[in-house]
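Undergrad: Residues per chain, in single letters:
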Amino acid sequence: MAYEALDFFDIDSLLTEEERMVRDMVRDWVEERVLPNIEDACRDGVFPDEWRAEIGEMGILGAPLEGYGCPGLSYIAYGLICQELERGDSGVRSFASVQGSLAMYPIWDFGSEEQKEKYLPGMAKGDLVGCFGLTEPDYGSNPGDMITRAEDKGDHFLLNGAKMWITNGTIADLAVVWAKLDGEIRGFIVEKDDEGFSAPEMKGKHSLKASVTSELVFQDCKIPKDRILPDVKGLRGPFSCLNNARYGISWGAVGAAQSCFNSAREYALSRIQFGHPIASFQLVQNKLSWMLREITKGQLLAYHIGKKKDDGSWIPEQISLAKMNNVDMALEIARMSRDIHGANGILDEYPVMRHMANLESVKTYEGTHDIHNLILGRHITGIQSFTREP
Amino acid sequence: MGVAVLLKQVPDTTAKISISGGRVDEASITKWSISPYDEYALENAIKLKESGFGDVVAITCGPSRSAKCLTEAAAVGADRLIHIISESPLDSIQVQSLLSAAVKESGCDVVMCGKQAADTNSGSTGPGLAASLGFSCVGGATEVSMDGGVASATRLGPSGMEEVEVGVPCVFTFDKGDSELRRPNVRGIMMAKKKPIDIFAPDDLGVDVSNSMVSIKSHSSPPEKQPGQKFVGSDSIPEVVSKLREEANVI
Amino acid sequence: MNITIISESSNGSLHSVTAQLVGAASSLGGSITVICPGGIGSSDAANISGVTKVISVEGDCFENYDCSAWSESLSPLAEGDLLLSSSSAIGRELISSIAASKGIPVVQDVTSLTGGLLATRSIYSGKAIEEVSISPPCAISLRANSFESAGEGGSGEVSTVNVSQDVAVAVKQALAKASERLDVSEADIIISGGRGMGEPANFSHLNEVADLLGAAVGASRAAVDTWEEIPHSMQVGQTGKTVTPNLYIAVGISGAIQHLAGMRSSKFILAINKDPEAPIFGVADYGVVSTWEEALPVLKEQLAEMLSN
Chain Z
1 MAYEALDFFD IDSLLTEEER MVRDMVRDWV EERVLPNIED ACRDGVFPDE
51 WRAEIGEMGI LGAPLEGYGC PGLSYIAYGL ICQELERGDS GVRSFASVQG
101 SLAMYPIWDF GSEEQKEKYL PGMAKGDLVG CFGLTEPDYG SNPGDMITRA
151 EDKGDHFLLN GAKMWITNGT IADLAVVWAK LDGEIRGFIV EKDDEGFSAP
201 EMKGKHSLKA SVTSELVFQD CKIPKDRILP DVKGLRGPFS CLNNARYGIS
251 WGAVGAAQSC FNSAREYALS RIQFGHPIAS FQLVQNKLSW MLREITKGQL
301 LAYHIGKKKD DGSWIPEQIS LAKMNNVDMA LEIARMSRDI HGANGILDEY
351 PVMRHMANLE SVKTYEGTHD IHNLILGRHI TGIQSFTREP
Chain S
1 MGVAVLLKQV PDTTAKISIS GGRVDEASIT KWSISPYDEY ALENAIKLKE
51 SGFGDVVAIT CGPSRSAKCL TEAAAVGADR LIHIISESPL DSIQVQSLLS
101 AAVKESGCDV VMCGKQAADT NSGSTGPGLA ASLGFSCVGG ATEVSMDGGV
151 ASATRLGPSG MEEVEVGVPC VFTFDKGDSE LRRPNVRGIM MAKKKPIDIF
201 APDDLGVDVS NSMVSIKSHS SPPEKQPGQK FVGSDSIPEV VSKLREEANV
251 I
Chain R
1 MNITIISESS NGSLHSVTAQ LVGAASSLGG SITVICPGGI GSSDAANISG
51 VTKVISVEGD CFENYDCSAW SESLSPLAEG DLLLSSSSAI GRELISSIAA
101 SKGIPVVQDV TSLTGGLLAT RSIYSGKAIE EVSISPPCAI SLRANSFESA
151 GEGGSGEVST VNVSQDVAVA VKQALAKASE RLDVSEADII ISGGRGMGEP
201 ANFSHLNEVA DLLGAAVGAS RAAVDTWEEI PHSMQVGQTG KTVTPNLYIA
251 VGISGAIQHL AGMRSSKFIL AINKDPEAPI FGVADYGVVS TWEEALPVLK
301 EQLAEMLSN
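Chains as they are written, first to last, in this note's numbering: chain Z, 1 to 390; chain S, 1 to 251; chain R, 1 to 309.
If you are wondering where the hints come from, they were derived from the structure by calculation, not from laboratory data.
Don't take every hint at face value.
[What the hints assert, rightly or not] Cross-link-like lysine-lysine pairs, in silico, DSBU-like; alpha carbons within 35 angstroms at most:
(1) R:Lys172 x R:Lys102
(2) Z:Lys118 x S:Lys195
(3) S:Lys47 x Z:Lys297
(4) S:Lys31 x Z:Lys116
(5) Z:Lys125 x S:Lys68
(6) R:Lys267 x S:Lys31
(7) S:Lys47 x Z:Lys125
(8) Z:Lys125 x S:Lys194
Full structure from sequences and hints, please.
TA: Take a look at the structure:
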């Protein structure tokens, strides 16, 4: 029962040998280390620390970043890494997305030389774990009105406020936190031992269970002056990070969909009812055929936006389209796959409901489905419809 | 000094094998990999290199797609890569002559390979190569270490696992051991990309492969499995056990 | 055709596969010489019908198996158009070494052989069958139990040759057999138990059969979920391991789809279950409708008898 990753339009032939080798390295790791243990990790609600270490050893964190011990791979390779990790579990891919695109990237793009030297090499190895503090309990799709604030106290900054839904928070060594300094959004690096900082874990999730989700709480949190990211002001900072993560997610969703399709296909071929495998019934074939179409389209979108990321010709709206489309189709495929598995689909014998539950989070985070919709609407019409005010 | 590792590219052991026109349809094989037992040989060779024994020379004999094996070996630490190009199937004498010439070219006096390849399942290359090179041979090793000019190996002998000692030059064929096979990492993959491959045609090695005494007449699918046989009661077990030997040949 | 056979021995006497090698050689016609390393079984070999000559090769180097020493001793004596051995681990290694010394090709693990020479063997771990034609002089190893044994009543002439080769590989020590059982993902033979075993302690009966066969012991998800004593590492099935052994013995396992997914690619499946309607019988090559309590003791006895021969 070998895993065959659906590749109907032969994206494989468009990859470089290096990209294929990186993909295969991650695929093999997921096969050997994640799949045999993921259901237990989910039941227990833990992200095994060994995975952090092994992901670090593979050298895939911060994939497209150059220098400071970072891999310097193509965006296509980064996408393939996300695809293979998420075929395993969205929570595992979230760990890598947050570390690479949301924590390493802002330091790499907006940090001082000292900050880059201090943090990036350890983060590339997985020895230092980072997280990204943008979302607040009352400010999700509307990050611009955030209330977490920083005050300049002369020889330090004082942070007050709280962030919520922060992947990796409780296990992080550092957090890239976005807060308002004199009314303007700036990035600050908070280290886990800074006075007045805590990162309690959020429990009781039905989704992304094998992932650490946390609150970040700042109560008169004192951080040294050298922790501010010097080169960025306003929402441009966090949005650049999000665009990178969203790009990875457009590939990741393909991986989850491939896993669900594979499981549905194998199940349909083995499950006999009325004397025939259910794969011989028209309604089942209709569903599998739809899945094949959607995965193929999603792959082509992801590949094309990957090429544009690599040659620099992309615009954020294109990433919105890819993220939104691919997560939507993956979620629908997970549901359809569960349906094909019948009652067996609700057991963790099969990966489908785990993917289904995870994808609910993936649909909401990194820009909700609806927000990406409006991003495209604004692009089409020139008129923003996020708010009632102009 | 240095270890030569012989790697054979085979269809991945999970790949479907289909027959077309009386031959295995290679074009339909979706994944090619290093033969599994060869991977254990490679792992041990890299470990020897890490203990200071010398460079690892990875050698493969096969068509152009086999080069992938060498890149994969480089990604985990192989230092020199040798590709003997051969587009058609070779018999045991031909492949051993080619590999023997390449081993001599490499100057290595320790050779490691898998105990048998996953396509032919034959196991002739290791011992045959040892005989033609005049090297000793230890088969079924799971671990080999070197101390001065003497090798210690753990291997499955006729009466169970044993520790043996042998001098160099020597060929070691590998069985699956307890060692975990190391994964490549991105750095290894990127360096492997840049590593040159020394390509040899049979003529370059002074080997004539134009004649063979063995020729493939046909490939076919294994016979359809017989429908299951059902027996009632434990009295039927003696008959079933003899069928397991006579019919199924599994014990 | 002059055919030379390298005999196989086990526990100090001639292994029965040798008579099969003679049987295969006889169907090709010609003279048959059997070489007995260390002289083991030379008189028995002479008694095999069809054997013309037996060469009993003696020397210190035959005390233990040593590839180079045996190969160098036997190679000059192995004349003729066709060299045969069994495809056991030692048989293959030895014949490869001798064939290379003589510069003749070797084809391994052949299951049928006719004049010509036309040989059939399985490749890709049994996923395909290959037919090859081979021109003598050549070497071929034959798979055990694929050829008719020659009978008794032979009267081959036995001659003795003394050799004194140096042994290249020195055995330092035998290592204690690992007490851990084989892992299901690696074994050629697996015997698995399901909830039908009644209680986890009853897996000891499966362990006994496993010991006889050198097999691994597996379990169904139902057994793993029900009993703490049966660890997840033994589970065969969807989230457990997928296995492809030569022989899978399912005891007290109904054959739910998740379990089947894990073992249906086994070469041969033997199922023992008291329920004649159990789905496992749909995939079993050999199904025995019986309680395990009745079946396992008989199975153990039969296997013990067969394997001691």
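Undergrad: Can the restraint linking lysine 125 (chain Z) and lysine 194 (chain S) be considered satisfied, given a maximum Cα separation of 35 angstroms?
TA: 23 angstroms, holds
Undergrad: Hint check: lysine 125 (chain Z) vs lysine 68 (chain S), CA-CA at most 35 angstroms. Holds or violated?
TA: Holds, because 27 angstroms separates the two Cα atoms, which is no more than 35 angstroms.
Undergrad: Regarding the pair lysine 31 (chain S) and lysine 116 (chain Z), is the alpha-carbon distance no greater than 35 angstroms?
TA: Measuring from Cα to Cα gives roughly 40 angstroms; hence the hint is violated.
Undergrad: Taken at face value, is the distance from the CA of lysine 102 (chain R) to the CA of lysine 172 (chain R) at most 35 angstroms?
TA: Given pair lysine 172 (chain R), lysine 102 (chain R) holds - Cα atoms ~31 angstroms apart, limit 35 angstroms.
Undergrad: Run the distance test for lysine 267 (chain R) versus lysine 31 (chain S): straight-line Cα separation, threshold 35 angstroms.
TA: 22 angstroms, holds
Undergrad: Quickly compare the C-alpha distance for lysine 47 (chain S) and lysine 297 (chain Z) to 35 angstroms and report which way the hint goes.
TA: Violated, because 45 angstroms separates the two Cα atoms, which is more than 35 angstroms.
Undergrad: Take a quick look at whether lysine 118 (chain Z) and lysine 195 (chain S) sit within 35 angstroms of each other, Cα to Cα.
TA: The given pair, whose Cα atoms are some 32 angstroms apart, holds under the 35 angstroms limit.
Undergrad: Lysine 47 (chain S) and lysine 125 (chain Z) were given as a pair; does the straight-line alpha-carbon distance stay at or below 35 angstroms?
TA: With Cα atoms ~23 angstroms apart, lysine 47 (chain S) and lysine 125 (chain Z) stay inside 35 angstroms; holds.
In the structure shown, a violation is registered for the earlier hints numbered 3, 4, in ascending order.
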